[in-house]
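Use these hints to put chain B onto chain A, whose structure you have.
2 protein chains.
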Amino acid sequence: MGGDFGPEVAIPGLALSLDRHPELRFQLFGIEDACRPVLDKYPKLKDASVFHHCEVAVRMDDKPSKALRRGRWRSSMWRSIDAVKNGDADVCVSAGNTGALMAMARFCLRTMANIERPAIAAIWPTVRGESIVLDVGATVGADTQQLIDFSMMGAAMARALFEIEKPTVGLLNIGVEEIKGQEEVKEAGRILKMSSLPGMNYFGFVEGDDLGRGTVDVVVTEGFSGNIALKAAEGTARQIGEYLRAAMTRTWLARLGYILAKSAFDRLREKMDPGKVNGGVFLGLNGVIIKSHGGTDADGFAAAVDVAHDMARNDLMSKIENDLKIYHARVSDTEMQAQEQQG
Amino acid sequence: MGGDFGPEVAIPGLALSLDRHPELRFQLFGIEDACRPVLDKYPKLKDASVFHHCEVAVRMDDKPSKALRRGRWRSSMWRSIDAVKNGDADVCVSAGNTGALMAMARFCLRTMANIERPAIAAIWPTVRGESIVLDVGATVGADTQQLIDFSMMGAAMARALFEIEKPTVGLLNIGVEEIKGQEEVKEAGRILKMSSLPGMNYFGFVEGDDLGRGTVDVVVTEGFSGNIALKAAEGTARQIGEYLRAAMTRTWLARLGYILAKSAFDRLREKMDPGKVNGGVFLGLNGVIIKSHGGTDADGFAAAVDVAHDMARNDLMSKIENDLKIYHARVSDTEMQAQEQQG
Chain A
14 MGGDFGPEVA IPGLALSLDR HPELRFQLFG IEDACRPVLD KYPKLKDASV
64 FHHCEVAVRM DDKPSKALRR GRWRSSMWRS IDAVKNGDAD VCVSAGNTGA
114 LMAMARFCLR TMANIERPAI AAIWPTVRGE SIVLDVGATV GADTQQLIDF
164 SMMGAAMARA LFEIEKPTVG LLNIGVEEIK GQEEVKEAGR ILKMSSLPGM
214 NYFGFVEGDD LGRGTVDVVV TEGFSGNIAL KAAEGTARQI GEYLRAAMTR
264 TWLARLGYIL AKSAFDRLRE KMDPGKVNGG VFLGLNGVII KSHGGTDADG
314 FAAAVDVAHD MARNDLMSKI ENDLKIYHAR VSDTEMQAQE QQG
Chain B
14 MGGDFGPEVA IPGLALSLDR HPELRFQLFG IEDACRPVLD KYPKLKDASV
64 FHHCEVAVRM DDKPSKALRR GRWRSSMWRS IDAVKNGDAD VCVSAGNTGA
114 LMAMARFCLR TMANIERPAI AAIWPTVRGE SIVLDVGATV GADTQQLIDF
164 SMMGAAMARA LFEIEKPTVG LLNIGVEEIK GQEEVKEAGR ILKMSSLPGM
214 NYFGFVEGDD LGRGTVDVVV TEGFSGNIAL KAAEGTARQI GEYLRAAMTR
264 TWLARLGYIL AKSAFDRLRE KMDPGKVNGG VFLGLNGVII KSHGGTDADG
314 FAAAVDVAHD MARNDLMSKI ENDLKIYHAR VSDTEMQAQE QQG
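Protein chains in written order, with the working numbering: chain A, 14 to 356; chain B, 14 to 356.
Don't take each hint at face value.
Since copy identity is lost for identical chains, a pair holds within one copy or between any two.
Unchecked claim - Cross-link-like lysine to any residue pairs, in silico, SDA-like; alpha carbons within 25 Å at most:
1. K332 / D346
2. K199 / P211
3. K199 / S78
4. K79 / N214
5. K79 / G188
6. K59 / L210
7. K79 / E196
8. K79 / E178
9. K275 / S345
10. K76 / E197
11. K275 / T264
12. K179 / E143
13. K98 / M207
14. K76 / R203
15. K275 / E129
16. K179 / D310
17. K76 / D222
18. K98 / K332
Source of the hints: derived by calculation from the structure; they are not laboratory data.
For reference, chain A alone in the conformation it holds in the complex:
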C-alpha cells in the first residue's frame, strides 16, 4: 500500500521480479479494493501469491508513533513485518513511510542479540559497480561498538548481495585535520584492524568522494552523516540532470546532438536514477526488511524485490549471526588473555 503510487506500482513491480525469479512466492498485505483490480491483471503473479486483506494502511505522512497506535496488529505494514517474525515470509518489502516502518520493525522484530541499534543500509551506485553504505539514517550518532556492529552487518550483506567472499570495509572519515575525525571512528578502526575478522577485509578510513569512486565494498558511518551524504549525492545527481536537460535544449545543434545520442542519454539517466538501485535494507533486527524508495516506479520496486530475493537466497540472517559469534568469541578471548596476563 505504501509509496507514492501504492499497489499501482508495487504489484507490476512484483510481476517483473517474478519473471526474473520464477521461484519467488509472495504474501501480499493490503486493502482488498485497492489491490485486487491490479492483481487481476497479472495472473502469473496471482498464482504465486497469497493475498491478505488488511483494514488499515499506514499513511506516508503518519508519524511513527501514530502509525504504531493506529496500525499495530492490523495494518498491512505491521502484518507484513509480522509475517517475517512468524516465519511465513523470509523478507518483508515495503515502499511505505520509512519512520513508521522502522518503528514497527523494531517493535515487532526487536534487535538481534548483541546488537543495540538497527541500521539502514543503502545500495550506492559507484564508478566500479555498487557499494553498501550504512547507517543512512536509522539513528543519529553511533558509538565505537555500534560502528563495529554496522561493519559486520554491512560485510555480511555485501557477501549476500555481491557474492564475494571477503568484502572490503571502510570507515567514513574526514581528512582535513592532522588529528582526524571522531574519536569513536578512530577507536572502531583500531579494533577492526586488530580483530581481523574472517568475513571482511578492513580497509581503513575513506572520505566522502570514495563513495562514488567505489573504493570499498562497504562504507560505515553513523546515521546523521550517512543520511546527509546520501541525500547530498542524490541531490547532486538530480542537479546535474537538470543542467544536462537545460544544456541539451539551448541550441538547435545541441538538440540535434541530443536526438542522435538519445540511447546513450537513456543509459546515462538509468545509471543516475536512484530508483534503479532501489532498496534500503534494515539490518540488526530479527528479520530482514527492505525499504523501497517511495517515489519509485515498477522497475525500482522490482529492484527492491530482487535485493530481498538475494538476501533470502544467501541467508543474510545466519551470515550476520555467524559473524557476531566469531567477533564476540575473539573479544572475550582477548579479554581472557588480558586477565591472565594481569593475573
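Just chain B now, with coordinates in the frame of chain A:
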C-alpha cells in the same frame, strides 16, 4: 607556492583576476627562483604586485605541526597570513595544504572575540545559483553556540558575496526519525528563531538534497558531516562525468551527437567543475583567508581571488563583528529580562 602546480597556476590566475578587477594590488610571497620567471611573463601583474622572497615553502603533504615548526615566521604561507595581521593585505589567498594553512592562520591571527572555533565555508553550486555551506571540515563536531556563530558568519559572508540584504539560513538535519537530528541542531534552531537577527532570515532545517537545490543561501552544519557532504557531492559530480564520457563514446551515433552538442557539453562541464566555484573561506579568525582548491587551474585560482576581492570590497570582517555585537546584546537583554522576572 601551494597547490599541485604552484606559481605556474597561481600567477596566471592572479593576472586573470587583475584583468577583471584592475584596482587589485598584490603582495606575493614565494621562492624567487620559482616565481620570477613566471611573473616576468605578466608585466601588468608585475606592476600591480610587490614580491617578497621567502626561504621556505610549506609542502602539500606536510603535517600541520611540521609545517608550523619548519615554516613559522619564514615560510611563504606564514608571511602571507602575517600580511593580513599587519594590515599589509586585506585578504590572504593560498592554494596550499589546508591543514597547515588552518593551523598557521589560527596561530597567527587567533579567533575573533566571542568566537571559539573557526569554520571553513564552501561556495556550493546549486540549481538556482550558489549557496554558502559551513563548516566543511575545520573541526569535528559543533555545540549549539558554535552552530549559531557559524550561522552569523555564513550570513555575513552571503551578504558580502551575493550582495543580498537578508540571506536565508538553514540548519542541516536529517528527516527520517520522528525525533529528528542532533540535540545541538535543534537547540540552535530554537535560538535562531527566537532571536530573529537583522542580518539573516532563519529558514529552519534543511536536508542533504536541499544543498544542490539551493533552498537557502547559507547551510550550516558541523565539520564532520559538512566535509562528508561536500566530498560526496564532488564525488558524485565526477562519477556522472565519467558515465557521461563513457556514454558519449560508446556508439558512432552518440559520438556524432557529442560533436554537435559540444558547446553545450562544455557549458555543462564548467557547471559541474568544482574548480569554477573555487574558494573555501576561513571564517572566525581576525582576518579573512581564502583557500583555493589545490588541484585547480588558473581559472579556478582566479575565481578564488575574485572571492577575496568581494570579501575585502564588502568588508566581511566588520559585517561579522557587527552581527556578533547585535546577537550578544540581544542575548544579554534576554538574560536581564529573565533575571528581572525572577527578581
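These are the hints, each one checked on the structure:
For the identical chains of this complex, K332 and D346 are intra-copy neighbours only, at 21 Å inside a copy versus 60 Å across copies, given an alpha-carbon limit of 25 Å. Taking the closest pair of Cα atoms, K199 and P211 come within 25 Å of each other only inside a single copy of the chain (21 Å); across copies the shortest separation is 41 Å, beyond that limit. Taking the closest pair of Cα atoms, K199 and S78 come within 25 Å of each other only across two copies (20 Å); inside a single copy the shortest separation is 35 Å, beyond that limit. For the homomeric pair K79 and N214, neither the shortest alpha-carbon distance inside one copy (42 Å) nor that between copies (33 Å) is at most 25 Å.
Taking the shortest alpha-carbon separations for K79 and G188, only the inter-copy value of 17 Å comes in at or below 25 Å, while the best intra-copy value is 42 Å. In this assembly of identical chains, K59 and L210 lie within 25 Å of each other by CA distance neither inside one copy nor across copies; the values are 44 Å within and 61 Å between. Taking the closest pair of Cα atoms, K79 and E196 come within 25 Å of each other only across two copies (23 Å); inside a single copy the shortest separation is 37 Å, beyond that limit. For the homomeric pair K79 and E178, neither the shortest alpha-carbon distance inside one copy (42 Å) nor that between copies (42 Å) is at most 25 Å.
In this homomeric assembly, K275 and S345 never come within 25 Å of each other (Cα to Cα): the closest approach is 59 Å inside a single copy and 62 Å across copies. For the identical chains of this complex, K76 and E197 are inter-copy neighbours only, at 22 Å across copies versus 31 Å inside a copy, given an alpha-carbon limit of 25 Å. In this assembly of identical chains, K275 and T264 lie within 25 Å of each other by CA distance both inside one copy and across copies; the values are 16 Å within and 11 Å between. When the C-alpha separation of K179 and E143 is checked against a cutoff of 25 Å, the pair qualifies only within one copy, where the shortest distance is 15 Å, while the shortest distance between copies is 42 Å.
In the homo-oligomer, the alpha carbons of K98 and M207 never lie at most 25 Å apart, since the shortest distance is 36 Å inside one protomer and 47 Å across protomers. Taking the shortest Cα distances, K76 and R203 sit within 25 Å of each other only across copies (21 Å), while inside one copy they are farther apart (39 Å). Proximity of K275 to E129 under the C-alpha cut-off of 25 Å is found in neither arrangement, the shortest distances being 49 Å within a copy and 54 Å between copies. In the homo-oligomer, the alpha carbons of K179 and D310 never lie at most 25 Å apart, since the shortest distance is 33 Å inside one protomer and 40 Å across protomers.
Only between protomers do K76 and D222 lie at most 25 Å apart by alpha-carbon distance; the minimum there is 21 Å, versus 34 Å within a single protomer. Within a single copy, K98 and K332 get their C-alpha atoms as close as 18 Å, which meets the 25 Å cut-off; across copies the closest is 60 Å, which misses it.
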